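Work out the full structure, taking the sequences as your base and the hints as a guide.
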Amino acid sequence: MTDIHTAVVDIAHAPLDVAGALDFVSDPRFGGVATFIGRVRQHNLGRVVTGVSYDLFEPLALRTFQAIGERARQEVGGPMKLYIAHAKGHLRIGDLAVVIAAATPHRDEAFRTCRLAIEAVKHEAPIWKQEHYVDGDSAWSEGCSLCEEHRDAELAAAKQGGNKHGHGH
Amino acid sequence: MTDIHTAVVDIAHAPLDVAGALDFVSDPRFGGVATFIGRVRQHNLGRVVTGVSYDLFEPLALRTFQAIGERARQEVGGPMKLYIAHAKGHLRIGDLAVVIAAATPHRDEAFRTCRLAIEAVKHEAPIWKQEHYVDGDSAWSEGCSLCEEHRDAELAAAKQGGNKHGHGH
Amino acid sequence: MMLRITLFGALRDADARGFIELDVPDHSTIAQVREAVQRYVREHALTISPNLIQRSAFASDEEVLHNHRQIPENGMLAILPPVSGG
Amino acid sequence: MMLRITLFGALRDADARGFIELDVPDHSTIAQVREAVQRYVREHALTISPNLIQRSAFASDEEVLHNHRQIPENGMLAILPPVSGG
Numbered sequence: 000m001t002d003i004h005t006a007v008v009d010i011a012h013a014p015l016d017v018a019g020a021l022d023f024v025s026d027p028r029f030g031g032v033a034t035f036i037g038r039v040r041q042h043n044l045g046r047v048v049t050g051v052s053y054d055l056f057e058p059l060a061l062r063t064f065q066a067i068g069e070r071a072r073q074e075v076g077g078p079m080k081l082y083i084a085h086a087k088g089h090l091r092i093g094d095l096a097v098v099i100a101a102a103t104p105h106r107d108e109a110f111r112t113c114r115l116a117i118e119a120v121k122h123e124a125p126i127w128k129q130e131h132y133v134d135g136d137s138a139w140s141e142g143c144s145l146c147e148e149h150r151d152a153e154l155a156a157a158k159q160g161g162n163k164h165g166h167g168h
Numbered sequence: 000m001t002d003i004h005t006a007v008v009d010i011a012h013a014p015l016d017v018a019g020a021l022d023f024v025s026d027p028r029f030g031g032v033a034t035f036i037g038r039v040r041q042h043n044l045g046r047v048v049t050g051v052s053y054d055l056f057e058p059l060a061l062r063t064f065q066a067i068g069e070r071a072r073q074e075v076g077g078p079m080k081l082y083i084a085h086a087k088g089h090l091r092i093g094d095l096a097v098v099i100a101a102a103t104p105h106r107d108e109a110f111r112t113c114r115l116a117i118e119a120v121k122h123e124a125p126i127w128k129q130e131h132y133v134d135g136d137s138a139w140s141e142g143c144s145l146c147e148e149h150r151d152a153e154l155a156a157a158k159q160g161g162n163k164h165g166h167g168h
Numbered sequence: 000m001m002l003r004i005t006l007f008g009a010l011r012d013a014d015a016r017g018f019i020e021l022d023v024p025d026h027s028t029i030a031q032v033r034e035a036v037q038r039y040v041r042e043h044a045l046t047i048s049p050n051l052i053q054r055s056a057f058a059s060d061e062e063v064l065h066n067h068r069q070i071p072e073n074g075m076l077a078i079l080p081p082v083s084g085g
Numbered sequence: 000m001m002l003r004i005t006l007f008g009a010l011r012d013a014d015a016r017g018f019i020e021l022d023v024p025d026h027s028t029i030a031q032v033r034e035a036v037q038r039y040v041r042e043h044a045l046t047i048s049p050n051l052i053q054r055s056a057f058a059s060d061e062e063v064l065h066n067h068r069q070i071p072e073n074g075m076l077a078i079l080p081p082v083s084g085g
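Residue numbers (numbering that gives the first Met the number 0), protein chains in the order written: chain U, 0 to 168; chain S, 0 to 168; chain H, 0 to 85; chain F, 0 to 85.
I should point out that these hints are in silico values taken from the structure, not numbers from a laboratory.
Note that this is a predicted model, so its numbers are computed, not measured.
Yeah, the Cβ is synthetic: ideal placement off N, Cα and C, and Gly gets one too.
Be careful, since some hints might not be right.
[As the list claims (entries may be wrong)] Label pairs and their computed distance ranges (CB to CB):
| id | chain 1 | residue 1 | chain 2 | residue 2 | range |
| --- | --- | --- | --- | --- | --- |
| 1 | S | GLN73 | U | GLY77 | 34 to 42 Å |
| 2 | H | ASP25 | S | ALA157 | 33 to 41 Å |
| 3 | F | ASP60 | S | GLU57 | 55 to 63 Å |
| 4 | H | ARG16 | U | GLY19 | 45 to 53 Å |
[To be verified] Some but not every residue of chain U turned toward chain S, in silico, with C-beta under 7 Å:
| id | residue |
| --- | --- |
| 5 | PRO27 |
| 6 | GLY30 |
| 7 | VAL32 |
| 8 | ALA33 |
| 9 | THR34 |
| 10 | PHE35 |
| 11 | ILE36 |
| 12 | ARG38 |
| 13 | ILE92 |
| 14 | PHE110 |
| 15 | ARG114 |
What follows is the structure in structure tokens.
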């Protein structure tokens with residue numbers, strides 16, 4: 000299908016391409032385009048971050064992005080285009096980690112599709128973030144378990160906690 | 000304040016500038032950037048559209064954008080940057096009518112800020128859209144009344160109707 | 000006093016110059032201006048529906064002025080039909 | 000059979016080569032592989048917490064394999080600690 004574009008981009012070669020994402024979803028049928036861009040922040044949980052490294056299980060990540068797109072298409076139930084790209088490698092502050100663009104005839108579906116996609120990428124895709132700190136230390140971020148039993152428990156806990164995950168993303 | 004940028008862009012001179020919006024909201028404190036782009040669609044309510052014209056009451060539109068930004072800042076209650084630009088003049092299919100970009104430390108506030116801003120621009124800013132059809136006809140879009148009594152009634156009706164306005168935007 | 004009311008959107012059809020001028024009593028309220036505009040379009044711009052005037056707001060450059068407000072001292076108003084930006 | 004389990008994220012610390020190899024009975028389930036990995040890290044990678052293995056998922060290139068599933072015939076698995084993309 001040409002309505003879903005997925006990519007893993009090694010940022011040693013090229014940055015994520017927001018203009019390319021907008022081009023991909025552009026279509027005369029669509030009046031609403033919602034995008035989400037995740038960037039590397041300078042602080043996290045009170046520590047000064049100098050950069051992050053993303054590790055990906057690439058074949059499964061791409062399949063997961065595609066599955067997310069198909070789920071979004073089902074949800075929308077009408078025409079849409081969705082672009083999902085995630086960076087891999089070492090990123091500096093301000094570098095783009097993830098770019099999502101969703102286009103639909105009207106804005107509400109575009110926002111919902113974009114949000115669905117970024118939440119699913121964060122919670123389901125085999126991607127790991129390691130933060131590097133100004134003091135030379137580094138740490139893998141706490142994450143969401145993909146084990147069904149842990150995942151269900153974590154999501155239930157997240158709902159109780161006002162939709163915030165304990166691990167802070 | 001330099002955290003809110005507002006603009007009305009005469010597209011006879013230049014198109015709306017998505018890259019400029021992203022640059023404006025970019026900040027090492029912010030990990031989440033949500034954008035909304037409204038484009039001219041080829042169809043509306045079953046008619047083939049060849050273009051639209053936007054009429055704006057420019058000084059009040061800019062003040063309204065600024066007020067929307069200040070409301071968003073209150074809502075977020077923390078650091079954020081928000082860019083709101085709307086086109087004026089004659090637009091063709093695919094041209095950008097509105098660009099909103101919101102950046103905050105985390106994604107949830109970015110999405111909420113972006114959504115708040117586009118809803119407010121659509122419902123509160125003194126902007127009028129005239130659609131031109133393939134048969135040579137044209138029509139001003141039905142809109143949201145800015146009269147307090149009509150507005151309250153329309154918003155109440157919209158809520159009853161599952162958050163969809165009767166006039167379809 | 001003479002009021003100049005700038006027209007927007009569908010109300011531009013009321014006068015090709017983009018505004019109408021009305022003589023109203025000093026310190027009129029917006030509600031009174033609205034009635035004056037209704038009379039004006041009944042006489043001069045029959046294609047404009049009274050309902051559209053009813054649903055329109057009035058504004059200065061700075062803010063929307065609701066029915067109880069007085070007209071600005073500079074005599075400049077805008078009439079804003081229902082909005083459809085975005 | 001020999002299983003090769005590719006490591007990701009924090010689990011890369013278990014072996015600098017990026018994978019571990021384990022000899023497991025044919026047709027083992029993922030639950031059994033998980034136990035074998037727990038034994039392996041207890042012996043060879045003490046910095047890895049057993050809780051992290053417990054919260055990790057296993058997958059082929061195509062899909063996450065839950066505890067009741069059997070190991071793939073090609074003997075290739077990936078172990079996925081909790082994810083933190085985006």
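Status of the hint placing U:THR34 at chain S (closest C-beta pair under 7 Å): It holds, given that the least Cβ distance between U:THR34 and chain S is near 5 Å, below 7 Å.
Hint validity - U:ALA33 Cβ closer than 7 Å to any chain S Cβ: holds, 5 Å
Evaluation of the interface hint that places U:ARG38 against chain S, nearest CB under 7 Å: OK, holds: U:ARG38 within 7 Å of chain S, min 6 Å.
Restraint outcome when U:GLY30 is required to lie within 7 Å of chain S by C-beta distance: The hint holds - U:GLY30 has a Cβ within 7 Å of chain S, the shortest such distance being about 4 Å.
Evaluation of the interface hint that places U:PHE35 against chain S, nearest CB under 7 Å: Holds, because the Cβ-Cβ distance from U:PHE35 to chain S comes to roughly 5 Å (cut-off 7 Å).
Hint check: 7 Å Cβ-Cβ cutoff, U:ARG114 to chain S: With a minimum Cβ separation of about 6 Å from chain S (threshold 7 Å), the hint on U:ARG114 holds.
Interface hint outcome for U:ILE92 [beta carbon to chain S under 7 Å]: holds, 5 Å
Interface hint status, U:PRO27 versus chain S (Cβ within 7 Å): holds, 4 Å
C-beta pair H:ASP25, S:ALA157: status relative to the range 33 to 41 Å that was hinted: The hinted range 33 to 41 Å holds for H:ASP25 and S:ALA157, with Cβ atoms some 39 Å apart.
Beta-carbon spacing of S:GLN73 to U:GLY77 - inside the hinted bounds 34 to 42 Å or not: holds, 35 Å
Hint status (Cβ of U:PHE110 to nearest Cβ of chain S, threshold 7 Å): holds, 6 Å
Cut-off 7 Å, beta-carbon criterion: hint that U:ILE36 touches chain S: This hint holds: U:ILE36 lies near chain S, its Cβ roughly 4 Å from the closest one there, short of 7 Å.
The structure meets every hint from the earlier list without exception.
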